[in-house]
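**Student:** Sequence:
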Amino acid sequence: MLIILAPLAWVIMMSIKSRPDAMRGDFWPRRFDFTHYSYVFRKIDTLPINLFNSIYVTTGTVLITTACAVLAGYALVHMRPRGGGVLVAALLISLYFPTRVVSIISVYEIQSFLGLINSTSGLILPYVTLNLAISILIMRSVFQLVPHEVIEAAKVDGAGPWRTLWEIGLPMARNGLVVVFIVNFVTAWGEFLLCTTLTNDQDARTMPVVLAGAQGGLGQWTWPALAAVYVIVVTPGIIAFTFAQKLFFKGLAEGVVKG
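Numbering (numbering that gives the first Met the number 0), first residue to last: 0 to 258.
The set of hints was computed from the structure by calculation and includes no laboratory data. Idealized CB from N, CA, C, for every residue including glycine. Wrong hints could be hidden among the right ones.
What the hints assert, rightly or not - The following label-pair restraints were derived from C-beta to C-beta distances:
#1 25 x 112: 51 to 57 angstroms
#2 37 x 212: 16 to 22 angstroms
#3 162 x 80: 35 to 41 angstroms
Make a model of the complete structure from these sequences and hints.
**Tutor:** So this is what it looks like as structure tokens:
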């Protein structure tokens with residue numbers, strides 16, 4: 000835990016140091032300076048737009064991936080489609096391939112054909128593919144914990160597939176939903192390669208790409224300002240994980256035990 004928190008604490012302290020304090024290298028500043036945050040927003044004109052882009056793309060990615068994972072995971076366990084075992088094997092095999100690197104050219108060509116290059120909305124579907132396989136496998140493992148007898152009893156009572164999923168499956172799988180949410184949130188929020196490849200204009204890009212290119216435009220002494228940008232980028236993920244960590248670890252344990 001200390002290994003994780005120490006660099007984060009250093010960055011936060013750097014972002015509120017005055018420039019002389021930052022140059023001295025002391026951990027605790029002699030004078031706090033919170034103006035680096037407003038300075039960053041002034042120097043990077045598109046930062047509010049990039050922040051909105053990150054929220055928009057991440058939200059779309061999480062919603063679509065979670066919905067697909069829930070439907071596929073439930074179907075594989077409680078509807079038992081023909082060829083389900085083959086699909087699970089294919090999903091497992093796909094986890095061992097570096098899909099970002101292998102498929103980046105194909106993704107670019109498809110996006111270009113669809114006219115989605117340099118489109119913020121066009122980032123969502125490629126982002127969905129990054130964790131779709133692992134998300135389906137997680138939800139499959141979690142739905143395996145739902146007894147078949149409960150599902151069959153609901154069917155006998157006249158509940159259809161959608162009602163059974165909504166009223167029985169999802170409440171019993173909420174821990175797995177949190178795992179899928181966190182995994183996809185962190186991945187989509189921090190994705191760099193796809194965004195850099197599929198967008199050209201600064202207005203269409205997300206925060207990680209802006210962070211990577213920020214050093215050249217922030218002035219002579221950039222470290223406090225760069226630290227401020229970094230804090231802005233990582234704060235949403237930290238907040239989301241803080242509120243959901245108990246359910247996250249519980250759902251992760253359930254998936255590991257059953258999977």
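**Student:** Honestly, do residue 37 and residue 212 meet the 16 to 22 angstroms range at C-beta?
**Tutor:** 20 angstroms, holds
**Student:** Range first: 51 to 57 angstroms. Now tell me if the beta carbons of residue 25 and residue 112 are that far apart.
**Tutor:** Distance hint for residue 25, residue 112 holds at roughly 55 angstroms.
**Student:** Given a hint of 35 to 41 angstroms, does the C-beta separation of residue 162 and residue 80 actually sit inside it?
**Tutor:** 19 angstroms, violated
Taken one by one, the earlier hints fail for this structure only at number 3.
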